[in-house]
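Below are the chains, spelled out letter by letter.
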Amino acid sequence: MLHIIVCIKQVPMVSELPWDPKTGTLKRETAQGMMDPSARRALEAALQIKAGMGRNQAHITAVSMGPPMAKEILYEAKALGADQGVLLTDPRMAGADTCMTAFILGKFVTDHCPDAGLILCGSMSSDSETAQVGPQLAEALDIPAIGYARRLELVHDCVRVERHVDDFMELMEMDLPGLVTIDHAGESDLYTPRYVALGGVEAAFNAGDIRVMDGTALGLNKGFNALTSSPTKIIDVYSPATRKENRVLTGAVKKMVDTLFDDYGKIISSAMGKDLKTHDHEGDV
Amino acid sequence: MSEEKQIWVWADYRNYFQSRVTLQILARASVLAEKTNATVCAVVFGDKVDAYAKEYIAHGAQKVYVTDNPFLKTYNVSSYAFLLSALVRQFQPETLLIGATRFGQEIAPRVAKQLDTGLTADCIDLDIDEKGQLVQVAPSFGGNLIAKIITPHTRPQMATIRPGTFQELPHDDEAKGEVIPIPLPDTMPSPRVRCLKSELQPARARKIETADIVITGGRGMGSKGKFRKLFDLADLLHAEVGATRPVVYADWVSSEALVGQAGKHIRPKVLFSFGVSGAIQHTAALADARFIVAVNKNPNATMMKLADVAMVADANQVCSGIIRALKQRIRD
Ligand SMILES: Cc1cc2nc3c(=O)[nH]c(=O)nc-3n(C[C@H](O)[C@H](O)[C@H](O)COP(=O)(O)OP(=O)(O)OC[C@H]3O[C@@H](n4cnc5c(N)ncnc54)[C@H](O)[C@@H]3O)c2cc1C
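Listed in order, the protein sequences are those of chains A and B.
Per the working numbering, residue 10 is the first one in the first sequence, and the count goes up by one each step.
Per the working numbering, residue 922 is the first one in the second sequence, and the count goes up by one each step.
Excised from the complex, chain A in its bound form:
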């Protein structure tokens, strides 16, 4: 039997964020959570692999490290077809950077899923956008990894991956156990995620338990603290400078267009790399 581990993350739902377009401020604390879109694709890949394998040939464990509220996405993962959901949660895990996140997930896989054959992650989460946790988890587990899969196929004890990397189309292969991250980009391809049927999450909510593990259950040292163990430190977070000018033009189109070129022609022409006549009203005559 193939034990597939899918690492999923809860991210703030961007469209729901209290958002001020003028100042560009986000209030993350009050945000609604959702399953990270690229992790959702990884789960989809796992479900497709399982479906292609015959009854009881594969077992899917969805695991997430996060606050207690991240339980929701594990219920959702179960509703979608994961066999098991595990939440790693502990105040001491808060503030983990990618290295520490990989360490914690790695600890879970090594100690609690020693039979793991294939580990799937999204290639890049929609909030922190680092693309680092997958590769670092592979490193923590000392297994091979291939990133940005568009399609993956199991061939005996190997996995074969098609991917698109920096203008190169590549076909890669590695032995299992191994880790694959699923490409976060692209909309209309193989791993476009399925959605839960109405009431599905509720059903999963009632049906299955999510296993919740804190640092002690996971076997972390007493003094463990992800925030202080992380090699990187965030020293400042801010919203990019607000745009100062917001010039509103109204009236006749011809006049507006002339104003655009008269007042901003230089900006446009330098971006074009071509000279423009900025004050030209010859057409008016």
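Because the hints were derived from the structure by calculation, they are not lab data.
Hints are supplied without guarantee of correctness; some may be wrong.
[Said to hold, decoys possible] Computed footprint of chain B on chain A, listed as stretches where at least three residues anywhere in the stretch have a Cβ under 8 Å from a Cβ of chain B:
1) 98-110
2) 153-165
3) 171-178
4) 258-271
5) 278-284
Glycine included, every Cβ here is placed at the ideal spot set by N, Cα and C.
Following the hints, put chain B with the ligand in place on chain A, whose structure we already have.
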């Protein structure tokens, strides 16, 4: 300590003429090196890569470490990460910078983990603080939040750098630099990931992600036929055309053009936005646009608030108007 401080730039030379990120980082590394009294070094892996070593010297590298071996002919994340980690352990650079290409973002985290050091992804700026530490400036939420990050206790300080962030230095044939050959270590394991095929895709002449001018069209363009007019404008402006999701779904344009959370991130010097409402999933990808001209019938559309110049008008009429004006104004 009398030891020389080094800033390393891992050389990503694949598709050299299109992918300039290594040269861009070298330019910034030169500035950082001046502030910290360090040496700028490039690190090149591959087969017959002498020519690249020379290029890097001409673009600011003072030293180039080169491991030249047929074994390294194709980019391989497991071999390259092993080798880069081994060299870092040997030479102990202060800083290691890597272009945030997809391959760069694959190798960097593995090296960081092997070395137990920190890594900041996809930086849009780098600086040095008063303690001489590298300040890594990285966006999240598609640029809607920016974080400043340091690596206080471990070395090297590692970061991947977004392509297009810095300007490469002009090619200087006179520049002097030292090429230091490094033999392939005996301990090099056979790669655990095998590359069966790696083919450069036929080059697309222009790319929306790096275009200096982008024209985006939304549902407000009205129809597929009217949307085509944006391409006429694009030809005059040497611009690329992007679209919102409804436009892609309606098949007015291919999904390659999708701009937003689910599509491409763009960073043009000038963005023209026609008939786009400005939903967050779309605007998340626009944070790096420097100058925005928006056209919308509705002055209260979010896109209009984000714009430097907001034109309250019919998108099609303004598009035609700009085409007409450009035809008169472009000097040949
Ligand atoms: C999970 C998720 C991911 C998404 N990802 C993306 C993404 O990556 N990219 C993306 O673009 N969207 C994405 N969306 C969709 C997004 O939420 C918006 O629906 C979309 O961006 C709106 O496109 P629009 O501005 O073209 O259309 P609309 O919102 O319908 O806006 C049309 C605008 O045109 C104006 N208009 C109408 N007629 C005229 C006229 N004659 N002249 C001038 N203006 C006119 C209107 O005033 C309006 O502001 C995503 C949504 C979800 C839920």
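Hints, one by one, checked against the model:
no., hint, result
1, 98-110, "holds (count 3)"
2, 153-165, "holds (count 5)"
3, 171-178, "holds (count 6)"
4, 258-271, "holds (count 9)"
5, 278-284, "holds (count 6)"
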